[in-house]
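Peer 1: Got two chains here, each in a separate frame; can you build the complex from them with the hints?
Protein sequence lines correspond, in order, to chains A and B.
Residue numbering for the first sequence follows the numbering used here, starting at 1 and increasing by one per position.
Residue numbering for the second sequence follows the numbering used here, starting at 1 and increasing by one per position.
Calculated directly from the structure, the hints in this document are not laboratory data.
Check each hint, because a few of them may be wrong.
Each pair of labels, with its calculated beta carbon distance range [said to hold, decoys possible]:
id	chain 1	residue 1	chain 2	residue 2	range
1	A	D124	B	K116	33 to 39 Å
2	A	E106	B	T48	43 to 49 Å
3	A	D124	B	T73	30 to 36 Å
4	A	S112	B	T48	31 to 37 Å
5	A	D116	B	T73	22 to 28 Å
6	A	N115	B	S77	19 to 25 Å
7	B	T47	A	H104	45 to 51 Å
8	B	S59	A	T20	24 to 30 Å
9	A	T12	B	G87	32 to 38 Å
10	B	D57	A	G126	36 to 42 Å
11	B	T47	A	G126	49 to 55 Å
For each residue, glycine too, the CB sits at the ideal point set by N, CA and C.
What follows is the residue order along each chain.
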Amino acid sequence: MALKDKYNELVTTAGTLGITNLQVREQDNVLYIDGEAPTGSAKDQLWTVYEKLDSDFRSADVIMNINVSDMAAGSKAKVTTEKSNLNIRKGPGTDQPIVGKAAHNEIITLVSKKNDLWWLVRTDAGEEGYAYAQYLSVES
Amino acid sequence: MRKSIIHLSAFILLFSGGGLALSACKEKKKTEVVTDPMSPTVVTPPTTPAPVVISPDDSLSGMVTDATKDFPTVKTSVSDGVITLTGEINKENLMTLMQSLQQLRPKKIENKLTIK
Numbered sequence: 001m002a003l004k005d006k007y008n009e010l011v012t013t014a015g016t017l018g019i020t021n022l023q024v025r026e027q028d029n030v031l032y033i034d035g036e037a038p039t040g041s042a043k044d045q046l047w048t049v050y051e052k053l054d055s056d057f058r059s060a061d062v063i064m065n066i067n068v069s070d071m072a073a074g075s076k077a078k079v080t081t082e083k084s085n086l087n088i089r090k091g092p093g094t095d096q097p098i099v100g101k102a103a104h105n106e107i108i109t110l111v112s113k114k115n116d117l118w119w120l121v122r123t124d125a126g127e128e129g130y131a132y133a134q135y136l137s138v139e140s
Numbered sequence: 001m002r003k004s005i006i007h008l009s010a011f012i013l014l015f016s017g018g019g020l021a022l023s024a025c026k027e028k029k030k031t032e033v034v035t036d037p038m039s040p041t042v043v044t045p046p047t048t049p050a051p052v053v054i055s056p057d058d059s060l061s062g063m064v065t066d067a068t069k070d071f072p073t074v075k076t077s078v079s080d081g082v083i084t085l086t087g088e089i090n091k092e093n094l095m096t097l098m099q100s101l102q103q104l105r106p107k108k109i110e111n112k113l114t115i116k
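Just chain B, same shape as in the assembly (with noise of 0.2 Å):
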């Protein structure tokens, strides 16, 4: 009787292992279709935005001269792609002044205009 459970015992166990690795197997399974160099998937690369284009100092200050020749109160410095703005404008005509420089391309303009 207890030889018989002993084998009752090993064949439940043997069974659930079979059922085990069969799980394992089907996990195993589904991986590879995912996997699979066949499946149609479609992988997108990422999109790198192309660099921003920065005008070089000696054009930039050529322009920004032009850009602020109706402006006599304002001064300029040009140093690294970065316009650097010193001096004082009426505040109606600060949009104008800003929509000119930062046509020029510049790296960025610091605004240290006193507005009136």
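Chain A extracted, bound-state conformation (with noise of 0.2 Å):
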């Protein structure tokens, strides 16, 4: 069964959720799902859908990169770590040092996207620094 069939309803539902530059390319016997999703909580519906379709995400077949487009400069953002203090740091990278820290549910202001990966944040205690966007969901 070719990926685009396996994986349909994905593809649809990135459609209905409003997904922007949406890119669905398959190479290699891996499907690549690129596109903007207008809310964090859009993208967590999509991989909802994914992970029904490959619960253990253990079939290598899709490589789904969707960023959220609601990430601007001068955003409030909730701290969503599991349960720890959220890392902010000299540069963008885990070998950069720490220079604050943001605890788990505090709002932080984005002040300047570095890449897809990294944000320079500032808390309200006035500490400036680099955190890792995965763990970032801007207040709607």
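Peer 2: Structure below.
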């Protein structure tokens, strides 16, 4: 079965959820899905469909790279770690020294985007540095 | 009498042959209309999507280290753009890990994790 058929529900849902710049390409037996979700919740819904189709993510036949487009400089974002603090670092990398911490569920300010993975952020206490974007969700 | 029959047959033959030739001409005309370069048929070239960009191993390895820092029981290796995961993980953390890793533009991810 072609991968586009196997993951048809995923691609259809991406359209329904308003994923922009959506690209679906099949190359070397892997389906690459790229795009931008309007909200973190839309991204999560899409991943829930993916998990339904490949419950333990073991098929190794999809790479889904969906960024969230509502993360904009100046926005407030919530720290969505599982329970621990979020490290704030001097530079964008876990090899960089820790210059501050933001608590789980703390609201911080997005200052500027370094890349898809790292944002320069500022806490209300005035600590400024780089945080891993995966653990930040913009407050709606 | 026999002569006139022959003449008649020749006439019929000629006539029907002419008819065939005429219909052949019509067929040809039809084909010409389709292949006419001046015809307003719009030809859309097949669109080939841009090839998928895969992160090179050296930058991918660094990004994988960052993405798995909070999962100390997960071991990773990177080769030719393929991330291989071994070790173990809790089911509730698996999606978070996969979201982080699939964002790094790898070629694919071989998940050999034991899921608890």
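Peer 1: Give a verdict on every hint.
Peer 2: Evaluated hints:
1. A:D124 - B:K116: 33 to 39 Å: 37 Å Cβ-Cβ, so the 33 to 39 Å window holds.
2. A:E106 - B:T48: 43 to 49 Å: holds (47 Å)
3. A:D124 - B:T73: 30 to 36 Å: holds (34 Å)
4. A:S112 - B:T48: 31 to 37 Å: With a Cβ separation near 36 Å, S112 of chain A and T48 of chain B satisfy 31 to 37 Å, so the hint holds.
5. A:D116 - B:T73: 22 to 28 Å: Holds, at about 26 Å.
6. A:N115 - B:S77: 19 to 25 Å: Since N115 of chain A and S77 of chain B have Cβ atoms about 23 Å apart, the given range 19 to 25 Å holds.
7. B:T47 - A:H104: 45 to 51 Å: holds (46 Å)
8. B:S59 - A:T20: 24 to 30 Å: holds (26 Å)
9. A:T12 - B:G87: 32 to 38 Å: Check passed, 34 Å falls within 32 to 38 Å.
10. B:D57 - A:G126: 36 to 42 Å: Holds, at about 39 Å.
11. B:T47 - A:G126: 49 to 55 Å: holds (51 Å)
In this structure, none of the earlier numbered hints is contradicted; all agree with it.
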